[in-house]
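A.B. asks: Spelled out from the first residue to the last, the chains are:
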Amino acid sequence: MLTPQGLRQRSDLLQAIRSFFLERDYIEVDTPLRLPVLIPESNLVPFASEDWFLHTSPELCMKRLLARGCNRIFQICHCFRKEEQGRLHHSEFTMLEWYHKSWNYFDLMQQCEELIRALARRCSTAFGLAQVDTLQWRDCTVALTPPWERLTVQDAFRRLAGKEVGEVLRAGNFEEILVTQIEPHLGRQRPVFLYDYPAELGSLARRSSQDPTVAERFELYIAGVEIANGFSELVDPVEQRERFVKELDKLQSVGKQGALPEKFLAELHLIGEAAGIALGIDRLCMMLMSCPDVRSAVPIFFEDL
Amino acid sequence: MYTASDLRKGLKIQIDGEPYIVTEFDFSKPGKGQALYRTKMRNMITGVQFTQTYRSNDKFDRPNLEERNMQFLYAQDDEYHFMDTASYEQIFLTKEQLGDNLNFLIDNMEVQVLFFGDRPIDVTLPTFVNLEVTVADPWAKGDTSGSDTKPVTVQTGFQLQVPPFVEKGDKIQIDTRTGTYITRVKE
Numbered sequence: 010m011l012t013p014q015g016l017r018q019r020s021d022l023l024q025a026i027r028s029f030f031l032e033r034d035y036i037e038v039d040t041p042l043r044l045p046v047l048i049p050e051s052n053l054v055p056f057a058s059e060d061w062f063l064h065t066s067p068e069l070c071m072k073r074l075l076a077r078g079c080n081r082i083f084q085i086c087h088c089f090r091k092e093e094q095g096r097l098h099h100s101e102f103t104m105l106e107w108y109h110k111s112w113n114y115f116d117l118m119q120q121c122e123e124l125i126r127a128l129a130r131r132c133s134t135a136f137g138l139a140q141v142d143t144l145q146w147r148d149c150t151v152a153l154t155p156p157w158e159r160l161t162v163q164d165a166f167r168r169l170a171g172k173e174v175g176e177v178l179r180a181g182n183f184e185e186i187l188v189t190q191i192e193p194h195l196g197r198q199r200p201v202f203l204y205d206y207p208a209e210l211g212s213l214a215r216r217s218s219q220d221p222t223v224a225e226r227f228e229l230y231i232a233g234v235e236i237a238n239g240f241s242e243l244v245d246p247v248e249q250r251e252r253f254v255k256e257l258d259k260l261q262s263v264g265k266q267g268a269l270p271e272k273f274l275a276e277l278h279l280i281g282e283a284a285g286i287a288l289g290i291d292r293l294c295m296m297l298m299s300c301p302d303v304r305s306a307v308p309i310f311f312e313d314l
Numbered sequence: 048m049y050t051a052s053d054l055r056k057g058l059k060i061q062i063d064g065e066p067y068i069v070t071e072f073d074f075s076k077p078g079k080g081q082a083l084y085r086t087k088m089r090n091m092i093t094g095v096q097f098t099q100t101y102r103s104n105d106k107f108d109r110p111n112l113e114e115r116n117m118q119f120l121y122a123q124d125d126e127y128h129f130m131d132t133a134s135y136e137q138i139f140l141t142k143e144q145l146g147d148n149l150n151f152l153i154d155n156m157e158v159q160v161l162f163f164g165d166r167p168i169d170v171t172l173p174t175f176v177n178l179e180v181t182v183a184d185p186w187a188k189g190d191t192s193g194s195d196t197k198p199v200t201v202q203t204g205f206q207l208q209v210p211p212f213v214e215k216g217d218k219i220q221i222d223t224r225t226g227t228y229i230t231r232v233k234e
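So the sequences go chain by chain: B and V. For the first sequence, the residue numbers in this note's numbering are 10 to 314. For the second sequence, the residue numbers in this note's numbering are 48 to 234.
Hints in this document: simulated from the structure, not taken from any laboratory. Note that CB positions come from ideal geometry on N, CA and C, so glycine has one too. Please note that a few of the clues may not be correct.
Residues from chain V shown here face chain B by an in silico Cβ test under 10 Å; the list is partial [to be verified]:
hint, residue
1, Leu83
2, Arg85
3, Ser103
Take a look, some chain B residues computed to stay more than 12 Å from chain V by CB distance [what the hints assert, rightly or not]:
hint, residue
4, Phe29
5, Ile36
6, Phe56
7, His98
8, Gly137
9, Ala139
10, Val188
11, Lys272
When the alpha-carbon atoms are kept at most 25 Å apart in a straight line, the in silico SDA-like pairs for lysine to any residue are as follows [as the list claims (entries may be wrong)]:
hint, chain 1, residue 1, chain 2, residue 2
12, V, Lys87, B, Leu44
13, V, Lys87, B, Ala232
14, V, Lys79, B, Arg179
15, B, Lys265, V, Glu65
16, V, Lys106, B, Ile186
17, V, Lys87, B, Cys70
18, V, Lys79, B, Leu16
19, V, Lys79, B, Cys300
20, B, Lys172, V, Arg85
21, V, Lys79, B, Pro221
22, V, Lys79, B, Leu44
23, V, Lys79, B, Met104
24, V, Lys106, V, Asp147
25, V, Lys87, B, Leu97
26, V, Lys79, B, Ala180
27, B, Lys110, B, Val247
28, V, Lys106, B, Thr189
29, V, Lys106, B, Gly181
30, B, Lys265, V, Lys56
31, V, Lys215, V, Asp147
32, B, Lys91, V, Lys215
33, B, Lys91, B, Cys70
34, V, Lys56, B, Glu92
35, V, Lys106, B, Gln94
36, B, Lys91, V, Glu65
37, V, Lys79, B, Gly15
38, V, Lys56, B, Phe310
39, V, Lys106, V, Arg55
40, V, Lys87, B, His98
Starting from the given sequences, assemble the full structure and let the hints guide the process.
C.D. replies: Written out as structure tokens, the structure reads:
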């Protein structure tokens with residue numbers, strides 16, 4: 010739990026995020042948290058609310074606003090994911106999500122870099138935390154000076170685990186190797202964007218035009234911690250439906266229910282080219298404010314309710 | 048049965064027929080991927096530690112663990128014999144199994160013995176025990192060395208630091224979790 014001083018710092022960071030986007034001609038939106046149908050995602054467990062669900066991210070609703078004609082939107086909201094609890098996880102957490110039409114994932118990496126540098130500057134000038142363009146978290150001193158490293162998933166697996174991505178996907182231990190052998194080394198000296206994920210691990214991301222086996226998706230890592238996940242949006246309703254059906258099959262194979270978000274699919278073709286990104290605010294505050302875990306970076310932790 | 052999402056520090060589970068306690072735990076879920084439950088565990092019988100990563104679908108049996116109130120009777124060679132205070136059943140644990148508990152164990156002491164099935168595997172002593180001081184240097188009045196403790200030996204052979212006023216023949220209370228002096232006991 011944060012002290013009154015910590016709460017002021019977190020509030021200041023939230024305001025700085027809003028200023029950053031408003032200065033760049035984004036509009037802030039606030040979409041419903043409670044939805045009748047969610048994106049079919051076999052790895053996420055939602056909380057039921059009557060016969061609807063608490064959203065696991067604002068993605069569905071925000072993309073519908075893009076389809077309606079919005080060009081740049083951002084949202085700061087709470088998301089809910091059952092059974093996610095740990096040093097870096099909280100079942101109810103605060104997410105920043107933003108979308109920009111006509112952009113691709115490389116444009117978003119650039120803007121994400123600018124945002125975090127602006128927030129770190131704010132921390133050092135307003136609260137005297139760390140030095141300008143440096144982030145201190147646990148045993149890492151991370152230099153935020155650009156350019157940040159960009160590393161493909163394939164290179165990361167070859168370099169840090171000595172393995173081919175195709176091989177670990179077939180063996181079914183992609184996540185395990187990522188967590189144990191790769192993540193701990195990512196972004197220790199400066200932040201790194203891990204990008205070009207296997208296509209099957211980017212359900213809502215566009216396939217690369219150069220290599221259809223990868224999705225135009227990235228994750229930002231700082232000091233070994235995953236901070237943000239972004240991608241060039243898949244806007245082909247036929248391909249999106251096929252991928253959702255695959256996820257529904259996976260859900261059914263483990264005895265879970267799901268449904269297709271039909272209204273979303275019906276409007277998807279109206280979006281055109283766009284890119285979107287979700288960033289964990291609690292984790293970012295934890296790092297910028299040098300808190301050891303997410304528990305100490307939130308106003309009230311669930312165990313204290 | 049437990050599932051992986053029940054894992055947390057301190058949970059006791061059974062793997063390959065043996066009881067384990069989770070000593071470290073971390074949850075991770077890289078990029079909306081599969082949930083991974085990383086654990087460090089200690090075998091409750093052998094003490095051997097290992098690390099293992101589990102997934103959501105993994106399941107574990109609950110070990111059949113039971114604590115029983117028992118009284119320490121006597122030691123013969125390396126076997127330490129205890130009696131169940133309810134059923135009068137007698138069992139023994141080895142010197143190795145008792146480890147540091149021997150620093151505080153005296154005849155007739157009532158302890159908790161942990162059973163895995165019908166096999167005794169561990170002992171929990173009372174948090175505080177009263178033991179007699181058997182060796183202590185006299186306190187020299189006017190000692191200005193600045194030291195505010197001195198070493199003594201208690202009836203089990205265990206040595207610890209105590210305040211200077213403690214003398215041979217005194218009974219003192221000791222915290223068995225830390226092995227530190229608490230107070231002198233008047234009897």
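A.B. asks: Identify every previously stated hint that the structure contradicts and give their numbers, smallest first.
C.D. replies: 7, 10, 12, 15, 17, 18, 24, 30, 32, 36, 37
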